[in-house]
Amino acid sequence: MDNATSAEAAFKSAIDRFGQLLRSLTSCAVSQGSPTFGAQLTAELERWLRESFSAMAGTPVFPWPWPTGTPVSPSASLHPVSSNSGAAGSAQRIMKLTEQWFQAQAQLAGFWSNMAQSATEKFIAQVGLLPPELDLHNATTLYDLLISCAEEAHAQMANCEKYVAARALLINTTAELTLEQRSYMEMCARALGLPSRSDIEAIQADLSVLKRALQANQTRSRRNKRKSGRSR
Amino acid sequence: VSKRPVEFDGLWLELSRRAVEVGEKLRRDSADQEGCSLREAVWRQDKTVLYRYLPLPFIRGSRAHPVLICYALVNRPYILDLQPDRSLIRALLAAGLEVYLIDWGRPDSGDRMLSLDDYISGYLDGFVRHILERHGVEKLNLIGVCQGGTLSLCYASLHSKQVANLITMVTPVDFQTEGNLLSKWAQHLDMDLMQRLGNISGTQLTALFLSLRPFRLGQQKYVNLLDQLNDPAALEMFLRVENWVFDSPDQPAQATAEFVKWFYQENRLVRATLSIAGRRVDLKAVRMPVLNVFATGDHIVPPASSMALRGRIGSVDYSELAVDTGHIGMYVSLRAQAIVPAKISRWLAERACSDIKSLLTISPCCAATNL
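For the record, the sequence lines run as chains A and B. For the first sequence, counting from 1, position 64 maps to 64 in our numbering; every step adds exactly one. For the second sequence, counting from 1, position 158 maps to 390 in our numbering; every step adds exactly one.
Pulled out of the complex, with its shape left as it was, chain A reads as follows (with noise of 0.2 Å):
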């Protein structure tokens, strides 16, 4: 994607989020104290938190079906290409990190409803009554608050020690998880006498030694050259 398409495609799910939430707020305005006014904003506020966290952290891949929140079995179907006992090692380990990763997503989750929870409350205190008509003027003016609400809530839970860990423990799992990943699919690839990421890595570390050496060798020269003109 390019720079001009991925600010374009920003744009685009900016727009259609307010114009979802706009819907929100013109099929509410009628029944503003009602629990679905406060429980749609909050909805909305938690997909908007949950979006920009994937976009900054990315999703492990999960290449068979995994049935979302169940806990997992270190026996469930993983089976490994080579029968030896290093890759059903790390096909049981991914089997654990896939588990702790869905754990820890679903506390983040906890922080970010708890959050949109919080910043709805702000906006319905500090709202007032909905205008009887809305317009893009009017609209905005809302929309503004709602986000000023909204920040404010962020950045208290943003702060948070506990909310600190538990994002960290997310992203370092996911980490873990992909690492894990990887390594049981060179086990599978050698086994498969095809060339693996690791053995890439090697010969790209092989070769930045050699253009060191070469960039010291050339830097050596250029100073030897420089001394003797000057000596002459």
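Derived by calculation from the structure, the hints in this document are not laboratory data. Computed from a predicted model, the values in this text were never measured in an experiment. C-beta atoms are modelled at their ideal positions from N, C-alpha and C, and glycine is treated no differently. Fair warning: there could be bad hints in the mix.
[Stated by the list, open to error] Part of the chain A face toward chain B, derived, beta carbon under 8 Å: (1) Phe11; (2) Leu49; (3) Ala55; (4) Met56; (5) Thr59; (6) Thr141; (7) Gln156; (8) Arg167; (9) Ala168; (10) Ile171; (11) Ser208; (12) Gln215.
Since the structure of chain A is already known, use the hints to place chain B on it.
This is chain B only, laid out in the frame that chain A set:
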């Protein structure tokens, strides 16, 4: 209640019309544009390029040393030359300065093992030496921007003889000041794991910066844009900045892991425990004049993080310039444009004069010959 769908339709129609208009403009203006001033590549090493900006016509050259701008590894440096009326580079050229800019390029998987040492003692030092040789001088003026400012501080500490004056712009120094959310988030990350994963994706990095204020930066700024449809100049600038925001190169795994670990997690720069290539980076060794420019509303590099430079360097000639703007506003806001380039060129001109005066004091004959 029955009236609601009709009102909503009207609102939605207006919104959709405006959204389509902005979307089309974004697509139309997507042509690759990396700055507005004329420049030539004068030195290349691997993927990095050193650019020299061509002097503006009818501008008298300044006596100051050539200026090298060292931008961050994160994002692209053309934000400093976005458009003629929002260009630090152009304003420095207008002041008669010789301006060079480092473009770190776009690292790929082959660059994953590049370290901070490679960037500071390798590329940056190579660029500095090239400029010094080209101009036949012993020192240059170094402007370090954002993370590039941190790299410049390290360089100035290790190679103080090559730097006449140092300007740091929105530069993090103390990475663990109060209210630094980015730093807080970085504390528990396992950077060894991240490094093993490979280069850090630029797209994810952009998302990280946006997620610091997810509702304002991922939502509100776009919706506010709907009101700017009748202001083509504002819209055009917004689009340029927006394209830049999303133009974020992948970051080399090793250098990024080192930067996060050494600076964010261990705060080695202010604790004086940082070593690059086996040499200790001591801020007290930064003895040249320093101008520290920071933004009071910066949420990426909080002002306290930049201000931590005060009292920590060895220089007796230290000045600060606080600008009432945000991190990106420092590059593109009208307020910053009105203040920052003028201050930098004046500050450099004053130091160029004092260099000449000191030459005259030490050895009038030599100074006269040099002039």
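Hint check:
1. Phe11: Holds - the Cβ of A/Phe11 comes within 8 Å of chain B, reaching about 5 Å at its closest.
2. Leu49: The hint holds - A/Leu49 has a Cβ within 8 Å of chain B, the shortest such distance being about 6 Å.
3. Ala55: Hint holds; A/Ala55 Cβ to chain B Cβ min 4 Å, cut 8 Å.
4. Met56: At 4 Å from the nearest chain B Cβ, A/Met56 passes the 8 Å test, so the hint holds.
5. Thr59: A/Thr59 check fails; min Cβ-Cβ to chain B is 11 Å, beyond 8 Å.
6. Thr141: violated (11 Å)
7. Gln156: With Cβ-Cβ at 12 Å, over 8 Å, it is violated.
8. Arg167: holds (7 Å)
9. Ala168: holds (3 Å)
10. Ile171: holds (6 Å)
11. Ser208: It holds, given that the least Cβ distance between A/Ser208 and chain B is near 5 Å, below 8 Å.
12. Gln215: holds (7 Å)
In terms of the numbered hints stated before, the structure departs from hints 5, 6 and 7, listed from lowest to highest.
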